[in-house]
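Enquirer: Sequence:
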Amino acid sequence: MEISIVVSVYNEEEVLSAFHDEVNSVLNNLAKSYELIYVNDGSVDNSREILSTIAKTDKNVKVINFSRNYGHEAAMLAGLDHSKGNCVICMDADLQHPPAVIPQMVEKFEGGIDILTMIRTKNPDSGFFKSITSKLFYSILNRISGQKFDINASDFFLVSKRVAKILKTEFREQSRFLRGFIQIVGFNRGYLEYEANQRLAGESKYSIRNLFKYSFNVMLTFSNLPLRLGVSLGILVGLFGLFIAIWEIIMKFKGLTPPGYTTIVVLISLLFAMMFVLIGVIGEYIAVLFKEVKARPIYIIEEILNEDSQ
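In the working numbering, the protein residues as written are 1 to 310.
None of these hints come from the bench; they were simulated from the model.
Errors might be hidden in some of the hints.
Subject to a maximum C-alpha distance of 30 Å in a straight line, what follows is the list of computed DSS-like cross-link-like pairs (lysine-lysine) [as the list claims (entries may be wrong)]:
{"hint": "1", "residue 1": "Lys165", "residue 2": "Lys108"}
{"hint": "2", "residue 1": "Lys108", "residue 2": "Lys168"}
{"hint": "3", "residue 1": "Lys108", "residue 2": "Lys148"}
{"hint": "4", "residue 1": "Lys294", "residue 2": "Lys168"}
{"hint": "5", "residue 1": "Lys84", "residue 2": "Lys168"}
{"hint": "6", "residue 1": "Lys161", "residue 2": "Lys291"}
{"hint": "7", "residue 1": "Lys165", "residue 2": "Lys59"}
{"hint": "8", "residue 1": "Lys108", "residue 2": "Lys122"}
Use the sequences and the hints to build the structure in full.
Expert: The following block contains the structure:
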């Protein structure tokens with residue numbers, strides 16, 4: 001098997017047939033052996049039925065049906081776990097990741113690249129707010145994590161078989177960021193820019209709230225800087241308290257000692273605000289640790305179609 005294509009699917013009934021026709025056409029023109037792995041992430045529309053029909057007519061297709069919705073990252077990981085190709089390409093089924101660039105990706109791999117990061121230069125479905133917050137996310141992550149992540153890197157990427165093997169056995173965390181993981185494992189890396197297509201139908205499955213929640217979890221996964229902020233804030237508040245103490249002593253010697261009510265209220269409010277923020281941050285880290293300690297399965301498969309046909 002030369003190429004494995006992993007496709008995450010969640011409620012994509014309106015675009016699945018068009019996607020399959022387009023990606024199949026591109027892969028057939030490559031004249032290489034391939035497998036198409038569709039991971040149905042608990043879709044509640046007719047995606048499962050459409051994928052079942054595709055699997056019956058195309059033996060290059062493997063369909064993995066989850067028992068419920070586990071999320072996009074889990075779907076990509078399941079596809080990687082069941083891939084057999086010398087290189088694995090992960091992409092979405094909404095046609096925003098253009099199948100037409102797959103030959104260029106394979107050419108990069110054949111040139112010795114183990115990890116190919118696809119850099120999105122344009123996204124017609126991304127509004128001004130989403131574009132700004134995406135850049136802000138990467139800017140903050142690069143500053144606090146100690147790692148250098150590519151801005152506008154997407155979940156559209158290629159990895160070689162040896163990198164896929166590492167992802168199958170390592171990086172099995174409950175809070176995952178695959179596009180980040182592949183950027184920190186080393187090996188020969190390359191980049192390829194692409195313009196995202198407009199969604200053929202449907203809408204993004206990520207709400208603003210979900211994106212913020214996901215971004216925050218990623219930052220906790222890659223950095224312990226928020227915990228260290230407690231020390232810095234403690235020093236700053238301590239210096240502020242020392243300044244207030246010196247000020248009060250000077251005022252006392254001058255006979256201008258104020259009642260002190262305002263000072264006490266301000267200090268108590270500041271200290272409690274800092275304390276609750278730090279408790280909240282620690283709570284989030286504990287929540288991440290709790291998820292890891294429980295070691296629950298990342299996903300549960302209900303059914304695999306055409307598992308042994310390739």
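Enquirer: Below or equal to 30 Å on CA atoms is what counts here, so check Lys108 against Lys148.
Expert: Answer holds: Lys108 to Lys148 is near 22 Å, not above 30 Å.
Enquirer: Measure nothing beyond the straight line between the CA atoms of Lys165 and Lys108; if it is 30 Å or shorter, mark the hint as holding.
Expert: Distance ~19 Å between Lys165 and Lys108 Cα, so the pair holds.
Enquirer: If you draw a straight line from the CA of Lys108 to the CA of Lys168, is it 30 Å or shorter?
Expert: Since the Cα atoms of Lys108 and Lys168 sit roughly 23 Å apart, the hinted pair holds (cutoff 30 Å).
Enquirer: Lys108 and Lys122: Cα distance at most 30 Å?
Expert: Holds, because 21 Å separates the two Cα atoms, which is no more than 30 Å.
Enquirer: When you check the alpha-carbon spacing of Lys161 and Lys291, does it fall within 30 Å?
Expert: 29 Å, holds
Enquirer: Regarding the pair Lys84 and Lys168, is the alpha-carbon distance no greater than 30 Å?
Expert: Between Lys84 and Lys168 the Cα gap is close to 12 Å, so the pair holds against 30 Å.
Enquirer: Would you mind confirming whether the straight-line C-alpha gap from Lys294 to Lys168 stays at or under 30 Å?
Expert: 19 Å, holds
Enquirer: Given the hinted pair Lys165 and Lys59, is their Cα-Cα distance within 30 Å?
Expert: 24 Å, holds
Of the numbered hints given earlier, the model fails none.
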